[in-house]
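Novice: Make the full structure from the sequences, and use the hints.
If you're matching them up, the sequences are chains A and B in order.
FYI, the numbering for the first sequence is 1 to 205, going by the working numbering.
FYI, the numbering for the second sequence is 1 to 205, going by the working numbering.
You can trust all of the hints, since none of them are fake.
Distance condition first, Cα-Cα at most 25 Å in a straight line; then the derived SDA-like pairs of lysine to any residue:
#1 A:LYS190 <-> B:LEU180
#2 B:LYS125 <-> A:SER202
#3 A:LYS93 <-> A:VAL36
#4 A:LYS3 <-> B:LYS198
#5 B:LYS2 <-> A:SER128
#6 A:LYS197 <-> B:ASN25
Some chain B residues close to chain A (C-beta under 8 Å, calculated; not the full set):
#7 TYR178
#8 ASP179
#9 CYS181
#10 ILE182
#11 LEU195
#12 LEU199
These aren't lab readings, by the way, just hints derived from the structure by calculation.
Quick reminder that beta carbons are idealized off the backbone N, C-alpha and C, glycines included.
There are 2 protein chains.
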Amino acid sequence: MKKIITIDREFGSGGRELGRRLAENLGISYYDHEIVTELTKRSDLAEEYLEHMDEKSPTALFPITVAMTFGMQNNYHMEKQLAVYTQTAKFIKEIAQKKDCVIVGRCADYILKDLKPLRIFIYAKMDSKIKRCKEKNYQDIKDLTDKQIEKKIRLVDRERRDYYNFYTNLEWSDKTNYDLCINTSHVDIKDFALLLKKLVESIYP
Amino acid sequence: MKKIITIDREFGSGGRELGRRLAENLGISYYDHEIVTELTKRSDLAEEYLEHMDEKSPTALFPITVAMTFGMQNNYHMEKQLAVYTQTAKFIKEIAQKKDCVIVGRCADYILKDLKPLRIFIYAKMDSKIKRCKEKNYQDIKDLTDKQIEKKIRLVDRERRDYYNFYTNLEWSDKTNYDLCINTSHVDIKDFALLLKKLVESIYP
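Specialist: Next up, the structure:
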């Protein structure tokens, strides 16, 4: 039985690092931003454009006022957005059918539901997420105050929620959609990735 | 550092069994119904009366119509109820200060928050909970249909929710109040209890 692990995560919760370390510990493939890179190869759209659309719902990108003013143009972008999601889903299915993998975000838990992946959700308290963001010193937040970082975290999570809810008709971050929800507020990600490895190995012996 | 683990759980999710097995695996004390037994020793109330009040909020036991009709009498029960909670909290604190333990339900995660317990919440899909209830063949559900068992599960969980929300002012089952939320729909409780042991040992080396 293939090891397929999907990880969704709040921004700043350490979900990406946990996923990457888990994949390394298990010696299996890891997909996060790699999905955007692959889609760039497969489409005629620029990487920047695909990045801008990544994990955003069409409704978030094109609010109703824009739609009313530029009806035709909006349809163009909306269609592109839906096409990109279709391509993303196709690619994610291809990966999971081929090999053991950890896939981060992008509704992978929902897209792969027939393969019964281990669906993990990572979350943390706001102060812990702000602290982790500052430690990581991400390019786009390094000059921000704590208040501004919190605003950014809420914005990214709202986009992820809209994206997930739009394509799955389920509620992002609702624990009923996951097998395991991990609060990383007081957790060392490196240590926890080792534990998760053991857990995965006992589920897929 | 003491190993203190609190487990809250949906009815039928296997949370109690998981807690008991975890305590056995770790060789530490386990408290669930044992708390009611201890309170019986400490108070002049009958065990049946304490059992009836166990994990129920005063508002659930005495709806507003009763309160209006039997004002004085209702106050008597309400006071008893609050006194029992106070005794429960006192006993839970005594246990946790004395020894390593697993404590199930009864707002233990909140009561012990200063001791930073590992707070676990156990949940599952409804069909899995009905199945588990039937396998366990509990006395009070053994002649019920699936529909009736589902009703019973919802009732017990509503009581637990009311109890938790009343005494903590937090939302029962909301993942932000726990460190780990485990969906047992597809889990073998015995295997998972062994994994949890490893996790606890890595957190409290």
